[in-house]
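**Q** Letter by letter, the chains look like this.
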Amino acid sequence: MVLGELKKIRDSKRVTSKIITLLTDFGYRDAFVGTMKGIILRINPWATIVDISHGIDPGDIQAASFVLAQSFSFYPSGTVHVIVVDPGVGTARKAIAVKTEKALFIAPDNGVLGRLYAAQEKCVVREITDSNLFVHPVSRTFHGRDIFAPVAAHLSVGVPFASLGPEIHDYNRGSSKLPRKKAGTIIGEIIYIDRFGNLISNISQADFSGKEIRSIQIKDIHLDHLSDSYGEKNVGEALAIIGSHGFLEIAVREGNAGVKYGIEIGCEIRVFICR
Amino acid sequence: MVLGELKKIRDSKRVTSKIITLLTDFGYRDAFVGTMKGIILRINPWATIVDISHGIDPGDIQAASFVLAQSFSFYPSGTVHVIVVDPGVGTARKAIAVKTEKALFIAPDNGVLGRLYAAQEKCVVREITDSNLFVHPVSRTFHGRDIFAPVAAHLSVGVPFASLGPEIHDYNRGSSKLPRKKAGTIIGEIIYIDRFGNLISNISQADFSGKEIRSIQIKDIHLDHLSDSYGEKNVGEALAIIGSHGFLEIAVREGNAGVKYGIEIGCEIRVFICR
Amino acid sequence: MVLGELKKIRDSKRVTSKIITLLTDFGYRDAFVGTMKGIILRINPWATIVDISHGIDPGDIQAASFVLAQSFSFYPSGTVHVIVVDPGVGTARKAIAVKTEKALFIAPDNGVLGRLYAAQEKCVVREITDSNLFVHPVSRTFHGRDIFAPVAAHLSVGVPFASLGPEIHDYNRGSSKLPRKKAGTIIGEIIYIDRFGNLISNISQADFSGKEIRSIQIKDIHLDHLSDSYGEKNVGEALAIIGSHGFLEIAVREGNAGVKYGIEIGCEIRVFICR
Chain L
8 MVLGELKKIR DSKRVTSKII TLLTDFGYRD AFVGTMKGII LRINPWATIV
58 DISHGIDPGD IQAASFVLAQ SFSFYPSGTV HVIVVDPGVG TARKAIAVKT
108 EKALFIAPDN GVLGRLYAAQ EKCVVREITD SNLFVHPVSR TFHGRDIFAP
158 VAAHLSVGVP FASLGPEIHD YNRGSSKLPR KKAGTIIGEI IYIDRFGNLI
208 SNISQADFSG KEIRSIQIKD IHLDHLSDSY GEKNVGEALA IIGSHGFLEI
258 AVREGNAGVK YGIEIGCEIR VFICR
Chain P
8 MVLGELKKIR DSKRVTSKII TLLTDFGYRD AFVGTMKGII LRINPWATIV
58 DISHGIDPGD IQAASFVLAQ SFSFYPSGTV HVIVVDPGVG TARKAIAVKT
108 EKALFIAPDN GVLGRLYAAQ EKCVVREITD SNLFVHPVSR TFHGRDIFAP
158 VAAHLSVGVP FASLGPEIHD YNRGSSKLPR KKAGTIIGEI IYIDRFGNLI
208 SNISQADFSG KEIRSIQIKD IHLDHLSDSY GEKNVGEALA IIGSHGFLEI
258 AVREGNAGVK YGIEIGCEIR VFICR
Chain C
8 MVLGELKKIR DSKRVTSKII TLLTDFGYRD AFVGTMKGII LRINPWATIV
58 DISHGIDPGD IQAASFVLAQ SFSFYPSGTV HVIVVDPGVG TARKAIAVKT
108 EKALFIAPDN GVLGRLYAAQ EKCVVREITD SNLFVHPVSR TFHGRDIFAP
158 VAAHLSVGVP FASLGPEIHD YNRGSSKLPR KKAGTIIGEI IYIDRFGNLI
208 SNISQADFSG KEIRSIQIKD IHLDHLSDSY GEKNVGEALA IIGSHGFLEI
258 AVREGNAGVK YGIEIGCEIR VFICR
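Chains as they are written, first to last, in the numbering used here: chain L, 8 to 282; chain P, 8 to 282; chain C, 8 to 282.
If we strip away everything but chain L, and leave its shape as in the complex, we get (with noise of 0.2 Å):
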């Protein structure tokens, strides 16, 4: 790459982007991802590209859109976010774009963008169907090489989002749970273990504001209030806190709730409050 070939891309008028980030269920060893960053870097050699991450397990729609509903906000206004969990690669699963008041977001149509419609007040979705912004021949397999990575980069340097293809309305709202309420008492449950343990409920913070916490109840685990910190327990005690990820979380002091009490993705959790 020539610097004067960077300068007069880098001051076209076309550019309007530089930020792409990444997230997907190839890990770190295969040669997936540094071959989409290469695709992205020939169309766009001006882009920074940010591994949000390849460690979701293969084909975890769920975890995904709870990791990509935790991080897209924070980023700068006009970020392209390529996601691609897609175990439907190869079948009729549609490619879409979809585009926020601040954000562009290229995924399979799988329900894997569900938490970021039920975040957003406005989403226009489209179907990917122009394929001249694909890398030809489009395999059946990698489409993250053949049609996300070159879409996110062809958007960052200017492509129009109207040009992709038509708008959709029937897309795929994702199948995330919210809590059930009866009479006194908040029934979720657990969406989410990160790596600490650290066992994270559908139950917001939003769903007891203003009543008070009689009890919080997960398996055999019995606890009385919401924690303001790790640090108000002793090392190895449970405790429940929001999280920073505004979600009820069951937690152990320095140790790993999940694995210490046998607690996995689904397990039911009570809130009990005042009525």
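For the record, the hints were derived by calculation from the structure and aren't laboratory data.
Among these hints, one or two may not hold up.
Think about it this way: if two alpha-carbon atoms lie no more than 30 Å apart in a straight line, the pair counts; the simulated DSBU-like pairs of lysine-lysine are [what the hints assert, rightly or not]:
1) P:K267 - L:K101
2) C:K101 - L:K267
3) L:K240 - C:K101
4) P:K101 - C:K101
Let chain L serve as the given structure and place chains P and C on it in line with the hints.
**A** Chains P and C in isolation, oriented as in the chain L frame:
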């Protein structure tokens, strides 16, 4: 780094490249990779450093060669690729630089570039001997830091390839096995297993181009045709497909073929073709 | 990010640095790291963010201190290093910023900078108290996002170090053990084991400089000299060597010494020297 200095470097005619990729077996915990990046940025603060992978199994030259072959051709012209999978560090093995029509490669001369040599019409190979380009004192255990990273960075700021050291012809061409063909049968083997458990063989589409496939057999799995996509089978079923890498691959739809069938690297695979 | 804005930021006199490194125990699956990068890029879209490592074991302050010590000195002047291994998040432990002659460091005051203090002649340490630099509301569980990342980004765009908060002198100097010496013996211990199973001790070359080594003993392994390179032994044989980090290391050529000999962090190692 004061911006004025950056600007001077950027505007200098010596800056002719900016992308440097890293492919190593250094993993994601130790200081190895972070140290190499520091060296590169000290020499070329304008570099765009891209991680291809650091998750190659320790010393797995074959895997690194395969991952490189999958990714390098997607990078812009002028990219400098650094490959450090170097079980022989501190022995007499040479450090080499390779120039192809489009890119530069820095690596130990241990066969890790074998698939590159096989894929490129013209490779000029030089032994790296100009110790002015090294970080001193040069250790006997970490040439990624002391030789490979600084040489790559110097190339990226315009040090001429020809100045690195003498051209050599007796470089290590690697030992990747080609499939054998006999009377209606192509006999290959599994050369790489990816994160999804897909079993990638050394049989390429060209090996049976124009021929009709009668069946494909690996261990006690028999498949009667090549599938066009994972979606063609039911979830959990095995299939044979030409993967995005161009090789015959055995996969399980939304499953892990390697784990399901207990198949490892080196396992024989046979394709029976109509004569 | 419109290019004109980028240009303005770049040309501003306030931009004095561009490299920000990250060293955490956040792993490679969750949203923690991606979130920190978003925060940084929102404040300084011109930043070059470099991952040192996110694979530190949860809460392993000693390992993080070692990895930092191996890598920071190779970075350009003005680099801002962010270290978030923070088991005490939400307790009274301080957030600190440290200035050395060449670089800036942002971390919790829990000893993770112990090896930095030991290596640098002059460190100015400030408690970070200027909450104008934080992301609000500040959570009690994720100061990487709310304090450490934004403070680092603000430093990189020219916020003066002195404005972060008051200088302190009672900071946590860490607890890295030095080897003991008695009558012809240096008694150290294993302080880090790398991906390759190399056993790194706290005995540095300086500890026996000028002295002839009679033998080296760890567990039931006895070695009669320091090797110059891994290649000096046969594949699978143990050796002692001064590693690229400057410490005495026990390795197995093309093998894993930690696994082969069942040796863990804290294991005693003795060097017998001629008096």
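**Q** Against each hint, give a clear statement of whether it holds in the structure.
**A** Tested hints:
Note on P:K267 and L:K101: the hinted pairing holds, with a Cα-Cα distance of about 29 Å set against a maximum of 30 Å. Between C:K101 and L:K267 the CA atoms are separated by roughly 29 Å; this keeps the pair inside 30 Å, and the hint holds. Distance restraint check for L:K240 and C:K101: the Cα-Cα separation of roughly 18 Å lies within the 30 Å cut-off, and the hinted pair is therefore satisfied. Our distance criterion of 30 Å between C-alpha atoms is broken by P:K101 and C:K101, whose separation comes to about 49 Å.
Hint 4 alone, counting from the list given before, is not met by this structure.
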